[in-house]
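I would like the entire structure built from these sequences, with the hints used as guidance.
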Amino acid sequence: MSQNTKNYYLPGPSFWPAIAATALFLLAGGFAMALNNIAPGKLLMVAGGVIFAYLLFGWFSEVIGESISKVYNKQVDKSFRWGMGWFIFSEVMFFFGFFGALFYARNVSLHWLADAQLLWPGFVASWPSAGPAAKEAFTPMAAWGIPAINTLILLSSGATLTWAHWGLMKNNRKQLAMGLILTIALGATFLFLQAHEYAEAGFTIKTGIYGATFYMLTGFHGLHVTLGAIMLTVILIRVLKGHFDSHNHFGFEAVAWYWHFVDVVWLFLFIFVYWL
Amino acid sequence: MNKKAIFFLGTGLSSIVSTAQAAYQLNLRAPVTEIARQIYDLHMLIVYVCLAIFVVVFGVMFYSLYKHRKSVGHQAAQFHEHHTLEIVWTIIPALILLVMAIPATKTILAMKDTTEADMTVKVTGHQWKWEYEYLGKDVRFISNLATTQDQINNKAEKGENYLLEVDNPMVVPVGKKVRVVLTADDVIHSWSVPSFGVKQDAIPGFIKETWFRVDQPGTYRGQCSELCGKNHGFMPIVIEAVTEDKYNAWIDSKKAAVAAAAASGDKEWTKDDLVANGKAVYEKNCAVCHQASGAGLPPAFPALTGSKIANAPIFGADGKYLKDGHLDRVLNGVRVMPSWKALLNDVEIASVITYERNALGNSVGDVLQPAQVKAAR
Amino acid sequence: MSTTTATHHDDHAHDSHGHPTGLMRWVKSTNHKDIGTMYLWFSFTMFLFAGGLAMLIRAELFQPGLQFFQPEFFNQLTTLHGLIMIFGAIMPAFVGLANWQVPLMIGAPDMAFPRLNNMSFWLLIPAAFLLLTSFFVPGGAVAGGWTLYPPLSVQGGMSVDMTIFAVHILGISSIVGSINIITTIFNMRAPGMTLMKMPMFVWTWLITAYLLIAAMPVLAGAVTMLLTDRHFGTHFFNAAGGGDPVLFQHVFWFFGHPEVYIMILPAFGILSTIIPTFARKPLFGYASMVYATTAIAVLSFVVWAHHMFTTGMPVAGQLFFMYSTMLISIPTGVKVFNWLATMWKGSMTFETPMLFAVAVVFLFTIGGFSGLVCSILPVDIQLQDTYYVVAHFHYVLFSGAAMAIMGGIYYWIPKWTGHMYDEKLGKVHFWLTTIAFNVTFFPMHFTGLAGMPRRIPDYAQQFAEFNMISSLGAFALGLSQLLFLYVVIKCIRGGAKATNQVWEGAHGLEWTVPSPAPFHTFETPPVLK
Ligand code: HEA
Ligand code: HEA
Ligand code: CUA
Ligand SMILES: [Cu+2]
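Listed in order, the protein sequences are those of chains E, A and G. Heads up: the first sequence is residues 0 to 275, going by numbering that gives the first Met the number 0. Heads up: the second sequence is residues 0 to 376, going by numbering that gives the first Met the number 0. Heads up: the third sequence is residues 0 to 528, going by numbering that gives the first Met the number 0.
If you are wondering where the hints come from, they were derived from the structure by calculation, not from laboratory data. As the structure is a computational prediction, the values presented were derived from the model and not from experiment. Each statement offered as a hint is correct.
Restricting the straight-line Cα-Cα distance to at most 30 Å, the calculated cross-link-like pairs of lysine-lysine (DSSO-like) are:
| id | chain 1 | residue 1 | chain 2 | residue 2 |
| --- | --- | --- | --- | --- |
| 1 | A | Lys121 | A | Lys254 |
| 2 | G | Lys344 | A | Lys66 |
| 3 | E | Lys77 | G | Lys196 |
| 4 | A | Lys283 | A | Lys254 |
| 5 | A | Lys340 | A | Lys322 |
| 6 | A | Lys373 | E | Lys134 |
| 7 | E | Lys134 | A | Lys319 |
| 8 | A | Lys373 | A | Lys253 |
| 9 | E | Lys134 | A | Lys322 |
| 10 | G | Lys196 | E | Lys73 |
| 11 | A | Lys307 | A | Lys319 |
| 12 | A | Lys283 | A | Lys136 |
| 13 | G | Lys496 | A | Lys69 |
| 14 | E | Lys205 | A | Lys322 |
| 15 | A | Lys283 | A | Lys253 |
| 16 | A | Lys69 | G | Lys344 |
| 17 | A | Lys270 | A | Lys253 |
| 18 | G | Lys344 | G | Lys196 |
| 19 | A | Lys175 | A | Lys121 |
| 20 | A | Lys136 | A | Lys175 |
| 21 | G | Lys489 | A | Lys69 |
| 22 | A | Lys121 | E | Lys134 |
| 23 | A | Lys121 | A | Lys278 |
| 24 | G | Lys426 | A | Lys66 |
| 25 | G | Lys196 | A | Lys69 |
| 26 | A | Lys373 | A | Lys121 |
| 27 | G | Lys423 | A | Lys66 |
| 28 | A | Lys319 | A | Lys373 |
| 29 | A | Lys176 | A | Lys105 |
| 30 | E | Lys205 | A | Lys340 |
| 31 | A | Lys283 | A | Lys322 |
| 32 | A | Lys340 | E | Lys134 |
| 33 | A | Lys278 | A | Lys322 |
| 34 | E | Lys173 | E | Lys73 |
| 35 | A | Lys69 | G | Lys426 |
| 36 | A | Lys105 | A | Lys175 |
| 37 | E | Lys77 | E | Lys240 |
| 38 | A | Lys69 | G | Lys423 |
| 39 | A | Lys307 | A | Lys373 |
Right, here's the structure in full:
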């Protein structure tokens, strides 16, 4: 084993990538069929989803196994850091696109619509808006109820996660586990409140540009929180199994980075979607 | 396979032979507005500048390719940097760009200035025709491709203005500043008249503006310039610039035609007249999607032959037209099917519906009167 | 788990043991060379297919009138030709070259994440499958142009959804691939290879990978909004609900313009590799090449709306985007001048790769100049959506990107196969391609200036002569590419034995390993002096 730590670890042939391609193919093809009411679409999606779950489980188990058996040297660890960092950057750009749409609608297209009196007599640009053809008024989401509480929740979950990290560095496993449990609990509370907010909302995704941007931005964010919470749970299980030590715990850090990124996205959401 | 190859070769050769007579237009069309002239000059300026750079740069390159070959025994020098040179060839292009940017900026500012117009025409893009509305004048009409399907399908000789001719051209007076406000009904189209230096996208739900002032009478042609679906290549723009007198006469004749149509809508029509009139309306407006035979192009465009809607009653027991019935579909449209309320008059709608129900393989037998359409609006 | 890892670690110690053979060698591959090879073959297949579609386009446009296809099918041809050429041919070809060359050039044992590398490749297959099979679903393939503008793309059928998902999958593939390349370059260089000693090809790919990571997610967002507008009742691109069709264009081109540089920067890298070799002289202005590449990349994010000059932007926006677009000519010019200075006073020979490189410099510049003409907004009013634009982007894409790829393949294939290609046939391929290319696309400048719109199946008679010339050129161009296929296969099958160095003037780590390059290279990092 020891010679491995000298050289960069190169995995041998692997079936996982081909399985990933298959899973995504079934998911995508099935979804396209389902959207157009072609019968086996949903079935294919389910199959794709199952394979995908199997894939995630299998591939990550393999990587974790490799990590535990210490075939990764410092350089591999650094690769993981670069990789995760740029992955998060790509996610930032994904959200950037949707925020761009929000800014554009609020600051540009609504004003042009209001100028086009020939087509939309009487329409005035204002935010929130469901557009010039909207028939009924709707109640937009207020910032200072649940959203403000959710902001506090996510911010404190960032703090508990950092506290867990401190525990890990001091080799205080109890603090580590406690911190993780708290973070996951906060994340779950956030999701619960978010679901509650959706259920009570006075508008839908079809409510013009306001509904569209609101649900797309908060929805994708919620999806990321869900993913983050699942990843934290995996890390918690690994911690309980005794994985990680104060030097070697990139898995933990990667998930922590991801969690903080999701946190920051929320701050922008809170400011631009709910508040201003 | 072989036949096709011979056909290609044959036509290829004959085209090369006919090269001598063919009109190979190499440049922008002759400008007839001030803006188009500015664009023309700007283009020439840039082309000459680029050509000059090109000749110098590639003169150097080909000189080097020729002189510094290994086969003529040239030894490679080993320099690989020269700061002054590098700075010079960064700054000179910057200056050249500045020379281009200044006149371009002036033209842009002029192009964007739609104030002080003498008249305004609202142009609406539809799949696949243009609608013109002279604001404040009560004149409004649709302009369709006039080239026949036979010409397009190579069954008839192609005319001189093949694909560039319409039934109702837009008419404008020369020397007047015409402001054009553009929108679209379904998808994005683009209204383009090269001789005027005008091209502006027509965006559904938005109003975009442009303007022109023609200085010479004449007929000017353009084409839709944004992919808008299957017949994107078949929605030309034709503008006749005429003297002011002729223009006024044209406006009056258009108004008279509208009045006549309204009058004919008040009388009772016979079924045969409606069907005959409806055939013309159908072929002009509906056949692009539903096909002249009524077979449609499923799944995108449903067949009208045997269509449930075209064979079901138009009116309900309460005397109102049925939702999702034949008249509703034509008046209000749904999804891709356009609304014809604003585009066709009562007579046209009544006749096209009557035609659809009694031709195209359908034989419902009933008649829709223009007066009923009028009441339904 | 630990037992599997133990066997894995063993098998890169000695090649023969434990490697699947046959199909499984490729399916399960974690070897950058195998994966590179798969990318290149995939790309070539797609190139022939999309080229085949172009042949059909040119056949229809051979004469005025509708000859072979109905308009709706013609639009499908155009759309899929564009989509497949860009996402299926050009981009994978560059990734294939990166896979082969980047580890070899920087002295790395493989890519940083070999399994993800394999995944990036295999994701292309479902994406391609979704695009190709969309011809057979009700309503046919997407017909709204490769730019997928709504509301037209909202009208389309199931194929639009398939295309959207294909774009998602391609996006994942590109992002993962780019992360891999960036990590490889930053983390796996041989000791002593500082950033400013890296080969130019590696530099251009590094910057390209950044462009990909920044641009692809935005495209994914754009098509996601399209999907929800189509099926879930959102109003992003619908004025009635306060949205705007033009919003899609902004988001699309925010991706789309960096995308075109994604397709040219690696080509620039190839030129910067080939020209010094055959001029037997170091690359002139290495540092300024690096800065120019960076400048192009940065600028590429602030010029996107030059594709939207006719949408009716406010005048301030129009001016901003015109100026910023014009500025890109400066760093691009720096590159052209540096290549010239590299040739100057060299000792040049003209093997096939060099012929391609010189032709690319020359022809790309024509395309660059026509781009500059388009960037002058008032002139673009006349040119937007005409064949002039088609001429412009084929000059930069075919005689820029595609011909640079061909040059790169001729340049490196001896290293990959261990055989020299047939030089005579290579030259014939070069001349046929270059001449046929110009016959095809140069006349399009004229038809465009005279006002012939693009994406039309039929045209006015005044354009007939030039279109016929274009079509004849295109058929010749298509046939010439079959010759390329033949030369490549012939070279794989056999040929004169290539030396390690292959080219007299070649420098760099990849030329220190044997030809063909062994399955594993640089397991212990080489040390640079
Ligand atoms: C590889 C791809 C590639 C590259 C490199 C470029 C490069 C450039 N492109 Fe191009 N472009 C496309 C691919 C590309 N383009 C595509 C695919 C489309 C159409 C998309 C669609 O609608 O489907 C398009 C469309 C397009 C448009 C929109 C046209 C329209 O639809 O109306 C414009 C407008 O500004 C433009 C401009 C430019 C400019 C200024 C450059 C510059 O980068 C060029 C710079 C280079 C030079 C100028 C030459 C070398 C310089 C010198 C020798 C120095 C001296 C020069 C001077 C000082 C002048 N391009
Ligand atoms: C990325 C690179 C790329 C490349 C390399 C090409 C290559 C070619 N392109 Fe393409 N083209 C685009 C990208 C590219 N194109 C894009 C982005 C568009 C815009 C799409 C849109 O509007 O949405 C476009 C649009 C476009 C049009 C405009 C269509 C329209 O507006 O309606 C035309 C018309 O002539 C054309 C022609 C060609 C030709 C003749 C080639 C030739 O170079 C092709 C050479 C031929 C081959 C390589 C084929 C060889 C193989 C055979 C002969 C065997 C045959 C068969 C099978 C295996 C099936 N292209
Ligand atoms: Cu209307 Cu194209
Ligand atoms: Cu661009």
